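Under the working numbering, the letters of the sequence shown match residues 740 to 1159, in that order.
Don't read these hints as lab results, they were simulated from the structure.
Please note that a few of the clues may not be correct.
Cβ pair distances, simulated, as ranges [unchecked claim]: (1) R1157 / V856: 50 to 58 Å; (2) A902 / I805: 51 to 59 Å; (3) W801 / G1045: 54 to 62 Å; (4) G1104 / L864: 48 to 56 Å; (5) Q849 / G884: 28 to 36 Å.
Computed from a predicted model, the values in this text were never measured in an experiment.
Glycine residues also receive a C-beta, built at the ideal position from the N, C-alpha and C atoms.
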Amino acid sequence: MIDDFWSTELAGFVVALGVGLLIGVERERRKRDLRVGVAGGVRTHAIVALAGALARQFSGGWLLAIGAVFVAALVLIAYARERSRDLGVTSEVTLFATYLLGALAVSEPQLAAGIGVVVALMLALRETLHRFVERTLTDREVLDGLLLAGAALVVLPLMPDAAVDRLGVVNPRLIWELTVLVLSLNGFGYVALRTFGPGRGLPIAGFFGGFVSSAATIGVLGSRARAASNMFAAAVAGSLLSSVATVVQLGLVLGVVEQGMLKRLLPTLIAMALVAVVASLAFVRKLGPDAAAPDSKLQGRAFEPGRALVFSITVTALLWASAFLRELYGAAGALVGIAFGGFADAHSATASAAALAAKGVLAEGPAAAAVMIAVLTNTVTKLVVAAVSGGARYAATLAGPLLAMAAVGSVVAYLTLRLS
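Given these sequences and hints, build the entire structure.
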(Lines of atoms letter the chains of each structure in order from A and count residues from 1; the text may use other names and numbers.)
(Lines give C-alpha, C1' and ligand atoms only; values in the text may rest on other atoms or scores of the structure.)
Protein backbone atom coordinates (compact mmCIF):
# COMPACT_ATOMS: atom_id res chain seq x y z
CA MET A 1 0.00 0.00 0.00
CA ILE A 2 2.82 2.39 0.87
CA ASP A 3 4.71 1.40 -2.27
CA ASP A 4 1.59 2.11 -4.32
CA PHE A 5 1.37 5.59 -2.82
CA TRP A 6 4.98 6.42 -3.71
CA SER A 7 4.29 5.46 -7.33
CA THR A 8 1.39 7.92 -7.73
CA GLU A 9 1.62 11.50 -9.01
CA LEU A 10 0.00 12.69 -5.81
CA ALA A 11 3.02 11.55 -3.80
CA GLY A 12 5.25 14.16 -5.40
CA PHE A 13 2.94 17.02 -4.50
CA VAL A 14 2.39 15.73 -0.97
CA VAL A 15 6.13 15.49 -0.42
CA ALA A 16 6.71 18.93 -1.96
CA LEU A 17 4.12 20.45 0.35
CA GLY A 18 5.52 18.59 3.35
CA VAL A 19 9.09 19.69 2.63
CA GLY A 20 7.98 23.28 2.12
CA LEU A 21 6.04 23.30 5.38
CA LEU A 22 8.85 21.63 7.30
CA ILE A 23 11.50 24.08 6.15
CA GLY A 24 9.05 26.98 6.41
CA VAL A 25 8.22 26.22 10.04
CA GLU A 26 11.90 26.32 10.94
CA ARG A 27 12.38 29.60 9.06
CA GLU A 28 9.28 31.11 10.69
CA ARG A 29 10.62 30.29 14.14
CA ARG A 30 13.98 31.70 13.16
CA LYS A 31 12.31 34.93 12.06
CA ARG A 32 10.57 35.14 15.43
CA ASP A 33 13.79 34.56 17.38
CA LEU A 34 15.75 37.14 15.39
CA ARG A 35 12.86 39.64 15.36
CA VAL A 36 13.90 40.60 11.83
CA GLY A 37 12.72 39.68 8.40
CA VAL A 38 14.06 36.62 6.63
CA ALA A 39 13.41 35.37 3.12
CA GLY A 40 10.06 33.67 3.62
CA GLY A 41 8.20 31.77 6.30
CA VAL A 42 5.78 28.85 6.33
CA ARG A 43 3.51 30.01 3.51
CA THR A 44 6.30 31.21 1.24
CA HIS A 45 8.30 28.00 1.44
CA ALA A 46 5.23 25.79 1.01
CA ILE A 47 4.10 27.75 -2.06
CA VAL A 48 7.59 27.79 -3.57
CA ALA A 49 7.91 24.02 -3.13
CA LEU A 50 4.52 23.43 -4.76
CA ALA A 51 5.48 25.80 -7.58
CA GLY A 52 8.57 23.72 -8.23
CA ALA A 53 6.48 20.55 -8.31
CA LEU A 54 3.92 22.08 -10.68
CA ALA A 55 6.62 23.38 -13.02
CA ARG A 56 8.30 19.99 -13.12
CA GLN A 57 5.07 18.02 -13.58
CA PHE A 58 3.25 19.96 -16.28
CA SER A 59 5.86 21.71 -18.38
CA GLY A 60 9.10 19.80 -18.42
CA GLY A 61 12.24 21.89 -18.58
CA TRP A 62 11.30 25.32 -19.85
CA LEU A 63 8.83 26.39 -17.16
CA LEU A 64 11.03 24.84 -14.50
CA ALA A 65 13.92 27.00 -15.69
CA ILE A 66 11.75 30.12 -15.74
CA GLY A 67 10.60 29.37 -12.21
CA ALA A 68 14.17 28.88 -11.08
CA VAL A 69 15.15 32.26 -12.52
CA PHE A 70 12.14 33.89 -10.85
CA VAL A 71 12.92 32.39 -7.44
CA ALA A 72 16.59 33.31 -7.85
CA ALA A 73 15.55 36.89 -8.55
CA LEU A 74 13.43 36.93 -5.39
CA VAL A 75 16.39 35.57 -3.47
CA LEU A 76 18.66 38.32 -4.77
CA ILE A 77 16.12 41.00 -3.92
CA ALA A 78 15.69 39.64 -0.40
CA TYR A 79 19.44 39.50 0.07
CA ALA A 80 19.89 43.06 -1.17
CA ARG A 81 17.27 44.28 1.30
CA GLU A 82 18.84 42.53 4.30
CA ARG A 83 22.56 42.64 3.52
CA SER A 84 23.14 45.67 5.74
CA ARG A 85 22.17 43.56 8.77
CA ASP A 86 24.86 40.96 8.06
CA LEU A 87 22.51 38.00 8.52
CA GLY A 88 24.19 35.81 5.94
CA VAL A 89 22.50 34.22 2.94
CA THR A 90 21.13 31.06 4.56
CA SER A 91 17.47 32.08 4.28
CA GLU A 92 17.81 33.09 0.64
CA VAL A 93 19.66 29.92 -0.34
CA THR A 94 17.13 27.85 1.61
CA LEU A 95 14.25 29.35 -0.35
CA PHE A 96 15.91 28.43 -3.64
CA ALA A 97 16.70 24.93 -2.34
CA THR A 98 13.03 24.52 -1.40
CA TYR A 99 12.04 25.23 -4.99
CA LEU A 100 14.49 22.63 -6.28
CA LEU A 101 13.29 20.07 -3.73
CA GLY A 102 9.71 20.67 -4.82
CA ALA A 103 10.72 19.95 -8.41
CA LEU A 104 12.68 16.86 -7.37
CA ALA A 105 9.71 15.53 -5.40
CA VAL A 106 7.76 14.87 -8.61
CA SER A 107 10.24 12.31 -9.95
CA GLU A 108 11.98 11.21 -6.73
CA PRO A 109 9.62 11.83 -3.80
CA GLN A 110 11.50 9.66 -1.31
CA LEU A 111 14.83 11.28 -2.11
CA ALA A 112 13.32 14.76 -1.90
CA ALA A 113 11.73 13.94 1.45
CA GLY A 114 15.02 12.72 2.87
CA ILE A 115 16.97 15.74 1.65
CA GLY A 116 14.25 18.05 2.94
CA VAL A 117 14.53 16.58 6.43
CA VAL A 118 18.32 16.96 6.33
CA VAL A 119 18.01 20.62 5.25
CA ALA A 120 15.52 21.37 8.03
CA LEU A 121 17.72 19.61 10.56
CA MET A 122 20.79 21.61 9.57
CA LEU A 123 18.80 24.83 9.87
CA ALA A 124 17.47 23.87 13.30
CA LEU A 125 20.94 22.93 14.56
CA ARG A 126 22.44 26.28 13.59
CA GLU A 127 23.78 27.21 17.04
CA THR A 128 25.01 23.70 17.75
CA LEU A 129 26.89 23.47 14.45
CA HIS A 130 28.42 26.93 14.84
CA ARG A 131 29.51 26.18 18.40
CA PHE A 132 31.01 22.86 17.32
CA VAL A 133 32.98 24.43 14.47
CA GLU A 134 34.10 27.56 16.30
CA ARG A 135 34.76 26.26 19.82
CA THR A 136 35.06 22.49 19.81
CA LEU A 137 36.74 21.60 16.52
CA THR A 138 40.44 22.39 16.32
CA ASP A 139 42.47 23.25 13.23
CA ARG A 140 44.35 19.96 13.58
CA GLU A 141 41.09 18.01 13.57
CA VAL A 142 39.85 19.84 10.49
CA LEU A 143 43.05 18.94 8.65
CA ASP A 144 42.75 15.33 9.80
CA GLY A 145 39.18 15.17 8.50
CA LEU A 146 40.30 16.55 5.14
CA LEU A 147 43.13 14.02 5.06
CA LEU A 148 40.68 11.18 5.64
CA ALA A 149 38.36 12.52 2.95
CA GLY A 150 41.26 12.76 0.52
CA ALA A 151 42.42 9.24 1.32
CA ALA A 152 38.93 7.81 0.76
CA LEU A 153 37.58 9.96 -2.07
CA VAL A 154 40.70 10.97 -4.03
CA VAL A 155 43.47 8.42 -3.52
CA LEU A 156 41.37 5.25 -3.23
CA PRO A 157 39.67 5.54 -6.67
CA LEU A 158 43.10 6.04 -8.26
CA MET A 159 44.55 2.83 -6.83
CA PRO A 160 44.83 -0.03 -9.35
CA ASP A 161 42.62 -2.98 -8.49
CA ALA A 162 45.11 -5.63 -9.60
CA ALA A 163 48.20 -7.36 -8.28
CA VAL A 164 51.40 -5.48 -9.04
CA ASP A 165 54.02 -7.95 -7.84
CA ARG A 166 55.57 -11.07 -9.33
CA LEU A 167 53.87 -13.32 -6.81
CA GLY A 168 50.48 -11.80 -7.56
CA VAL A 169 49.41 -11.04 -3.98
CA VAL A 170 49.96 -7.29 -3.49
CA ASN A 171 46.81 -5.38 -4.52
CA PRO A 172 47.22 -1.59 -3.98
CA ARG A 173 43.47 -0.93 -3.84
CA LEU A 174 42.92 -3.61 -1.22
CA ILE A 175 45.81 -2.37 0.88
CA TRP A 176 44.58 1.23 0.69
CA GLU A 177 41.04 0.14 1.61
CA LEU A 178 42.50 -1.35 4.77
CA THR A 179 44.38 1.91 5.40
CA VAL A 180 41.18 3.94 5.07
CA LEU A 181 39.42 1.46 7.36
CA VAL A 182 42.06 1.95 10.06
CA LEU A 183 41.89 5.74 9.68
CA SER A 184 38.09 5.73 9.85
CA LEU A 185 37.92 3.53 12.93
CA ASN A 186 40.61 5.57 14.64
CA GLY A 187 38.79 8.79 13.84
CA PHE A 188 35.50 7.37 15.10
CA GLY A 189 37.15 6.40 18.36
CA TYR A 190 38.64 9.88 18.72
CA VAL A 191 35.24 11.51 18.17
CA ALA A 192 33.75 9.25 20.83
CA LEU A 193 36.50 10.20 23.26
CA ARG A 194 35.92 13.89 22.55
CA THR A 195 32.21 13.41 23.11
CA PHE A 196 32.34 11.40 26.34
CA GLY A 197 35.62 12.71 27.68
CA PRO A 198 38.56 10.42 28.43
CA GLY A 199 38.04 10.88 32.16
CA ARG A 200 34.49 9.54 32.10
CA GLY A 201 35.65 5.99 31.68
CA LEU A 202 38.79 4.20 30.63
CA PRO A 203 36.64 1.34 29.32
CA ILE A 204 35.30 3.60 26.55
CA ALA A 205 38.79 4.80 25.71
CA GLY A 206 40.09 1.24 25.73
CA PHE A 207 37.38 -0.04 23.41
CA PHE A 208 37.96 2.59 20.75
CA GLY A 209 41.72 2.47 21.20
CA GLY A 210 41.59 -1.23 20.43
CA PHE A 211 40.52 -0.46 16.88
CA VAL A 212 43.96 1.02 16.30
CA SER A 213 46.16 -1.25 18.39
CA SER A 214 44.99 -3.37 21.28
CA ALA A 215 48.55 -4.02 22.43
CA ALA A 216 49.35 -0.29 22.42
CA THR A 217 46.10 0.43 24.26
CA ILE A 218 46.93 -2.16 26.90
CA GLY A 219 50.32 -0.50 27.33
CA VAL A 220 48.81 2.98 27.77
CA LEU A 221 46.17 1.76 30.21
CA GLY A 222 48.80 -0.24 32.08
CA SER A 223 50.76 2.94 32.69
CA ARG A 224 47.58 4.59 33.98
CA ALA A 225 46.86 1.65 36.29
CA ARG A 226 50.39 1.72 37.67
CA ALA A 227 50.26 5.47 38.28
CA ALA A 228 46.82 5.49 39.97
CA SER A 229 45.72 2.41 41.87
CA ASN A 230 42.12 3.62 42.01
CA MET A 231 41.98 3.32 38.21
CA PHE A 232 43.19 -0.29 38.16
CA ALA A 233 39.78 -1.88 37.55
CA ALA A 234 38.91 0.70 34.89
CA ALA A 235 42.23 0.09 33.13
CA VAL A 236 41.70 -3.67 33.13
CA ALA A 237 38.15 -3.26 31.82
CA GLY A 238 39.41 -0.95 29.08
CA SER A 239 42.17 -3.38 28.15
CA LEU A 240 39.70 -6.24 27.83
CA LEU A 241 37.35 -4.10 25.77
CA SER A 242 40.27 -3.23 23.50
CA SER A 243 40.48 -6.95 22.76
CA VAL A 244 36.77 -6.89 21.91
CA ALA A 245 37.55 -4.11 19.45
CA THR A 246 40.34 -6.25 18.01
CA VAL A 247 37.88 -9.08 17.40
CA VAL A 248 35.41 -6.67 15.77
CA GLN A 249 38.12 -5.28 13.53
CA LEU A 250 39.27 -8.77 12.60
CA GLY A 251 35.73 -9.41 11.40
CA LEU A 252 35.70 -6.16 9.43
CA VAL A 253 39.06 -6.94 7.83
CA LEU A 254 37.90 -10.42 6.86
CA GLY A 255 34.68 -8.97 5.47
CA VAL A 256 36.62 -6.57 3.28
CA VAL A 257 39.23 -9.04 2.07
CA GLU A 258 37.66 -12.51 2.04
CA GLN A 259 34.03 -13.02 3.08
CA GLY A 260 34.33 -16.79 2.88
CA MET A 261 36.81 -16.78 5.74
CA LEU A 262 34.54 -14.47 7.72
CA LYS A 263 31.76 -17.05 7.50
CA ARG A 264 34.13 -19.75 8.73
CA LEU A 265 35.46 -17.73 11.64
CA LEU A 266 32.33 -15.80 12.65
CA PRO A 267 31.37 -18.27 15.45
CA THR A 268 34.94 -18.09 16.74
CA LEU A 269 34.97 -14.29 16.74
CA ILE A 270 31.62 -14.13 18.52
CA ALA A 271 32.78 -16.59 21.19
CA MET A 272 36.00 -14.66 21.82
CA ALA A 273 34.15 -11.35 22.02
CA LEU A 274 31.65 -12.75 24.51
CA VAL A 275 34.43 -13.98 26.80
CA ALA A 276 36.09 -10.55 26.78
CA VAL A 277 32.81 -8.67 27.28
CA VAL A 278 31.80 -10.81 30.27
CA ALA A 279 35.23 -10.39 31.85
CA SER A 280 35.27 -6.63 31.26
CA LEU A 281 31.80 -6.22 32.77
CA ALA A 282 33.02 -7.95 35.90
CA PHE A 283 35.68 -5.26 36.29
CA VAL A 284 33.31 -2.43 35.34
CA ARG A 285 31.17 -3.42 38.33
CA LYS A 286 34.20 -2.82 40.56
CA LEU A 287 34.66 0.79 39.46
CA GLY A 288 34.52 3.37 42.21
CA PRO A 289 32.63 6.68 42.02
CA ASP A 290 35.82 8.57 41.13
CA ALA A 291 36.53 6.43 38.05
CA ALA A 292 34.41 8.76 35.92
CA ALA A 293 36.08 11.94 37.15
CA PRO A 294 36.91 14.46 34.43
CA ASP A 295 40.36 14.17 32.92
CA SER A 296 42.52 16.71 31.15
CA LYS A 297 41.66 17.77 27.64
CA LEU A 298 42.23 15.04 25.10
CA GLN A 299 45.53 15.53 23.32
CA GLY A 300 46.75 14.27 19.99
CA ARG A 301 45.24 13.90 16.56
CA ALA A 302 41.96 12.45 15.38
CA PHE A 303 44.02 9.62 13.93
CA GLU A 304 47.62 8.79 13.24
CA PRO A 305 48.35 8.51 9.50
CA GLY A 306 51.72 7.06 10.39
CA ARG A 307 50.10 4.13 12.17
CA ALA A 308 47.82 3.50 9.22
CA LEU A 309 50.76 3.59 6.81
CA VAL A 310 52.73 1.25 9.06
CA PHE A 311 49.72 -1.05 9.04
CA SER A 312 49.65 -1.02 5.22
CA ILE A 313 53.40 -1.57 4.97
CA THR A 314 53.15 -4.42 7.46
CA VAL A 315 50.37 -6.03 5.46
CA THR A 316 52.43 -5.70 2.29
CA ALA A 317 55.53 -7.14 3.94
CA LEU A 318 53.58 -10.04 5.39
CA LEU A 319 51.97 -10.73 2.03
CA TRP A 320 55.37 -10.82 0.38
CA ALA A 321 56.96 -12.90 3.11
CA SER A 322 54.08 -15.36 3.29
CA ALA A 323 53.88 -15.74 -0.46
CA PHE A 324 57.67 -16.13 -0.69
CA LEU A 325 57.69 -18.79 2.03
CA ARG A 326 54.75 -20.44 0.31
CA GLU A 327 56.73 -20.57 -2.92
CA LEU A 328 59.76 -22.08 -1.18
CA TYR A 329 58.19 -24.38 1.39
CA GLY A 330 54.55 -24.68 0.44
CA ALA A 331 51.58 -23.84 2.62
CA ALA A 332 53.55 -24.50 5.82
CA GLY A 333 55.92 -21.64 5.02
CA ALA A 334 53.09 -19.16 4.58
CA LEU A 335 51.56 -20.24 7.88
CA VAL A 336 54.86 -19.65 9.67
CA GLY A 337 55.13 -16.16 8.20
CA ILE A 338 51.61 -15.22 9.27
CA ALA A 339 52.13 -16.67 12.74
CA PHE A 340 55.23 -14.54 13.30
CA GLY A 341 53.35 -11.54 11.93
CA GLY A 342 50.83 -11.96 14.73
CA PHE A 343 53.47 -10.99 17.27
CA ALA A 344 53.51 -7.52 15.74
CA ASP A 345 49.87 -7.02 14.72
CA ALA A 346 46.95 -9.44 14.55
CA HIS A 347 45.06 -7.25 12.08
CA SER A 348 47.91 -7.24 9.57
CA ALA A 349 48.41 -10.98 9.88
CA THR A 350 44.68 -11.56 9.42
CA ALA A 351 44.59 -9.33 6.37
CA SER A 352 47.56 -11.20 4.91
CA ALA A 353 45.97 -14.61 5.49
CA ALA A 354 42.67 -13.45 4.02
CA ALA A 355 44.39 -11.93 0.99
CA LEU A 356 46.30 -15.15 0.35
CA ALA A 357 43.04 -17.09 0.60
CA ALA A 358 41.33 -14.66 -1.78
CA LYS A 359 44.17 -15.14 -4.29
CA GLY A 360 43.96 -18.91 -3.97
CA VAL A 361 47.48 -19.16 -2.55
CA LEU A 362 46.06 -20.71 0.64
CA ALA A 363 42.87 -22.68 1.08
CA GLU A 364 40.29 -21.14 3.40
CA GLY A 365 40.80 -23.81 6.06
CA PRO A 366 44.57 -23.34 6.47
CA ALA A 367 44.14 -19.58 6.18
CA ALA A 368 41.58 -19.60 9.01
CA ALA A 369 43.96 -21.69 11.10
CA ALA A 370 46.71 -19.15 10.37
CA VAL A 371 44.46 -16.36 11.66
CA MET A 372 43.93 -18.21 14.93
CA ILE A 373 47.67 -18.81 15.27
CA ALA A 374 48.26 -15.09 14.73
CA VAL A 375 45.68 -14.30 17.43
CA LEU A 376 47.51 -16.62 19.83
CA THR A 377 50.90 -15.09 19.14
CA ASN A 378 49.41 -11.60 19.48
CA THR A 379 48.07 -12.59 22.90
CA VAL A 380 51.65 -13.27 23.97
CA THR A 381 52.60 -9.76 22.83
CA LYS A 382 49.73 -8.23 24.83
CA LEU A 383 50.79 -9.99 28.02
CA VAL A 384 54.41 -8.91 27.60
CA VAL A 385 53.34 -5.30 27.02
CA ALA A 386 51.03 -5.49 30.04
CA ALA A 387 53.86 -6.73 32.27
CA VAL A 388 56.25 -4.03 31.09
CA SER A 389 53.79 -1.13 31.35
CA GLY A 390 51.51 -2.05 34.24
CA GLY A 391 53.54 -4.47 36.30
CA ALA A 392 53.08 -8.08 37.32
CA ARG A 393 49.68 -7.57 38.96
CA TYR A 394 48.24 -5.90 35.87
CA ALA A 395 49.61 -8.60 33.56
CA ALA A 396 48.45 -11.42 35.82
CA THR A 397 44.95 -9.93 36.00
CA LEU A 398 44.75 -9.73 32.21
CA ALA A 399 46.30 -13.15 31.67
CA GLY A 400 43.23 -15.11 32.74
CA PRO A 401 40.66 -13.40 30.45
CA LEU A 402 43.06 -13.11 27.49
CA LEU A 403 44.12 -16.75 27.70
CA ALA A 404 40.48 -17.75 28.13
CA MET A 405 39.67 -15.82 24.95
CA ALA A 406 42.43 -17.62 23.09
CA ALA A 407 41.42 -21.03 24.44
CA VAL A 408 37.71 -20.63 23.70
CA GLY A 409 38.48 -19.23 20.26
CA SER A 410 40.81 -22.11 19.46
CA VAL A 411 38.25 -24.72 20.52
CA VAL A 412 35.41 -23.11 18.58
CA ALA A 413 37.63 -22.63 15.53
CA TYR A 414 38.76 -26.25 15.66
CA LEU A 415 35.19 -27.54 15.89
CA THR A 416 33.99 -25.17 13.17
CA LEU A 417 36.76 -26.11 10.76
CA ARG A 418 36.31 -29.81 11.49
CA LEU A 419 32.59 -29.66 10.78
CA SER A 420 32.86 -27.49 7.67
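Comparing the hints with the structure gives:
no. : hint                     : result
1   : R1157 / V856: 50 to 58 Å : holds, 51 Å
2   : A902 / I805: 51 to 59 Å  : holds, 55 Å
3   : W801 / G1045: 54 to 62 Å : holds, 56 Å
4   : G1104 / L864: 48 to 56 Å : holds, 51 Å
5   : Q849 / G884: 28 to 36 Å  : holds, 29 Å
Violated hints for the displayed structure: none, as all numbered hints are satisfied.
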